[in-house]
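Student: Chain by chain, the residues:
Protein chains: 2
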Amino acid sequence: MSDKHLSSQFDSELSAISTRVLEMGGLVEAQVAQAVYALIHFSAETAGQVITQENRVNQMEMEIDRDLSNIIARRQPTARDLRLLIAISKTIGNLERVGDEAARIARTVERLMNSGLSNHLRLPMSDLQFEAGLATNLLRQALDAFARLDAVQALEVIKGDNQIDAEFDGLMRKLVTYMMEDPRTISASIDLVFVAKAIERVGDHAKNLAEQVIYIVKGADVRHTSVEGVQSVVS
Amino acid sequence: MSDKHLSSQFDSELSAISTRVLEMGGLVEAQVAQAVYALIHFSAETAGQVITQENRVNQMEMEIDRDLSNIIARRQPTARDLRLLIAISKTIGNLERVGDEAARIARTVERLMNSGLSNHLRLPMSDLQFEAGLATNLLRQALDAFARLDAVQALEVIKGDNQIDAEFDGLMRKLVTYMMEDPRTISASIDLVFVAKAIERVGDHAKNLAEQVIYIVKGADVRHTSVEGVQSVVS
Numbered sequence: 000m001s002d003k004h005l006s007s008q009f010d011s012e013l014s015a016i017s018t019r020v021l022e023m024g025g026l027v028e029a030q031v032a033q034a035v036y037a038l039i040h041f042s043a044e045t046a047g048q049v050i051t052q053e054n055r056v057n058q059m060e061m062e063i064d065r066d067l068s069n070i071i072a073r074r075q076p077t078a079r080d081l082r083l084l085i086a087i088s089k090t091i092g093n094l095e096r097v098g099d100e101a102a103r104i105a106r107t108v109e110r111l112m113n114s115g116l117s118n119h120l121r122l123p124m125s126d127l128q129f130e131a132g133l134a135t136n137l138l139r140q141a142l143d144a145f146a147r148l149d150a151v152q153a154l155e156v157i158k159g160d161n162q163i164d165a166e167f168d169g170l171m172r173k174l175v176t177y178m179m180e181d182p183r184t185i186s187a188s189i190d191l192v193f194v195a196k197a198i199e200r201v202g203d204h205a206k207n208l209a210e211q212v213i214y215i216v217k218g219a220d221v222r223h224t225s226v227e228g229v230q231s232v233v234s
Numbered sequence: 000m001s002d003k004h005l006s007s008q009f010d011s012e013l014s015a016i017s018t019r020v021l022e023m024g025g026l027v028e029a030q031v032a033q034a035v036y037a038l039i040h041f042s043a044e045t046a047g048q049v050i051t052q053e054n055r056v057n058q059m060e061m062e063i064d065r066d067l068s069n070i071i072a073r074r075q076p077t078a079r080d081l082r083l084l085i086a087i088s089k090t091i092g093n094l095e096r097v098g099d100e101a102a103r104i105a106r107t108v109e110r111l112m113n114s115g116l117s118n119h120l121r122l123p124m125s126d127l128q129f130e131a132g133l134a135t136n137l138l139r140q141a142l143d144a145f146a147r148l149d150a151v152q153a154l155e156v157i158k159g160d161n162q163i164d165a166e167f168d169g170l171m172r173k174l175v176t177y178m179m180e181d182p183r184t185i186s187a188s189i190d191l192v193f194v195a196k197a198i199e200r201v202g203d204h205a206k207n208l209a210e211q212v213i214y215i216v217k218g219a220d221v222r223h224t225s226v227e228g229v230q231s232v233v234s
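Residue numbers (numbering that gives the first Met the number 0), protein chains in the order written: chain A, 0 to 234; chain B, 0 to 234.
If you're looking for bench data, these hints aren't it; they were derived computationally from the structure.
The structure presented is a predicted model; accordingly, all values stated were derived computationally and were not measured.
Treat the hints with caution; some may be incorrect.
Identical copies look the same in the list; a pair holds intra-copy or inter-copy alike.
[As the list claims (entries may be wrong)] Below are the DSSO-like pairs computed for lysine-lysine, each with C-alpha atoms no more than 27 Å apart in a straight line:
(1) K196 x K173
(2) K173 x K217
(3) K158 x K89
(4) K158 x K217
(5) K217 x K196
(6) K173 x K89
(7) K89 x K196
(8) K89 x K217
(9) K173 x K158
Make a model of the complete structure from these sequences and hints.
Tutor: Okay, here's the thing in structure tokens:
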């Protein structure tokens, strides 16, 4: 973000926005981790915090979007800078959806606790924790790649998303087995199905973020492209 | 899209893009309807068509996005025109996600048919059809609102999404009952849970589309705003 041709004020505006995107990213990453913590420890307090913070994430998205529009309208960005600004707009849309997933998990925790079913529910805790660990790691890597405009790391994120998808499939099979063994847990298990799905989506969003990084750095739109296709763009 | 201050060429570029957005919208609307048809009639052929067309939707998204960037870079859009261009970019992102949901449903149909389970599966067909009807109607209304830049109709779409959410909750309860009655159907029923969820999401995307219409017409960002809040912006 330090092109010589940029006016220094434009430059500092861009860098201020990037900082806020990373701040927003850090916030939603923490939210996902907290939501999973709330699930595993059945902590109503932590779940409540995640739900409260969703609002802050939404506000950040709208503020950054407004600033982006203002910058584009006031400055006359070059094609390259415009690419960056549009990619940032898509990036914060993605981050907001990560915040949504975290809030979804937190609301599920509240519902599970209210139903009282949580007590005799056999939970695939370690699997959920493992899947969530993969997803938050991937999200952090994607944010790092954005901060350093590192297309190679972005490629790694795109590859990593496949592992989460495989983990999700295994978790589904396990949940189905639990439900068949004890049909009383079906209702609560369906909630966990959605939790697992929300975590899997966090991985998808990390991948989308990584695709935007490659768009900024390489100028190539690699959405809907095979891993091999992305690889040949990056290298 | 016929502001006096626009150069006529810019005007015609904008109108060409709007036409393509509506074309893309019509395509994804048809895809959702086809995917649900494939489910209800267990038609592998129709499911296959939906999956094939996903690619076309993805291509359309990328093409329109590229054209939008080119327009912004070449012209120096006023704040109001820029608002329109950015809203269009978000709109096509939403439409692409509708296409994803349709493809997800179609892939589920294929899986259900391959598993052979579909034969003795008790399906809440009429409920799924009803939910899908609501969702495709809402999507069509949202596209109409976009075509006519009609904020009042957009508001109706935002209100209508609540009905789909309620329908989804009822469908979930029914599926849970079926699973408890016959645990052999759990695995297939989970697939239907995801179908119902995908349809519910189509409603969410229609709502997001409607929010963009209000942003274009009123200049107010009404994402994450209560129905009452949106109402006071529109009227």
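Student: Please sort K89 with K196 into within, between, both or neither, judging by C-alpha distance up to 27 Å.
Tutor: Close inside one copy (22 Å) and across copies (24 Å); limit 27 Å.
Student: Treating 27 Å as the Cα threshold, decide for K158 and K217: within, between, both or neither.
Tutor: For K158 and K217, only the intra-copy Cα distance (18 Å) is at most 27 Å; the inter-copy one is 42 Å.
Student: Checking an output row: K173 and K217, CA cutoff 27 Å. Within, between, both or neither?
Tutor: neither (41 Å within a copy, 49 Å between copies)
Student: Since the copies are identical, ignore which copy is meant and state whether K217 and K196 lie within 27 Å (CA to CA) inside a copy, between copies, both or neither.
Tutor: neither (31 Å within a copy, 36 Å between copies)
Student: My question is about K158 and K89: at a cut-off of 27 Å on alpha-carbon distance, are they close within one copy, between copies, both, or neither?
Tutor: both (20 Å within a copy, 26 Å between copies)
Student: I want to check one pair: K173 and K89. Are their C-alpha atoms no more than 27 Å apart within a copy, between two copies, both, or neither?
Tutor: neither (35 Å within a copy, 37 Å between copies)
Student: Checking K173 and K158: alpha-carbon separation at most 27 Å within a copy, between copies, both or neither?
Tutor: Within one copy only: 25 Å inside a chain, 38 Å across chains, cut-off 27 Å.
Student: Can you tell me if K89 and K217 fall within 27 Å by alpha carbon in one copy, between copies, both or neither?
Tutor: both (16 Å within a copy, 22 Å between copies)
Student: Which holds for K196 with K173 at a C-alpha limit of 27 Å: within a copy, between copies, both or neither?
Tutor: both (14 Å within a copy, 21 Å between copies)
Violated hints for the displayed structure, listed by number in ascending order: 2, 5 and 6.
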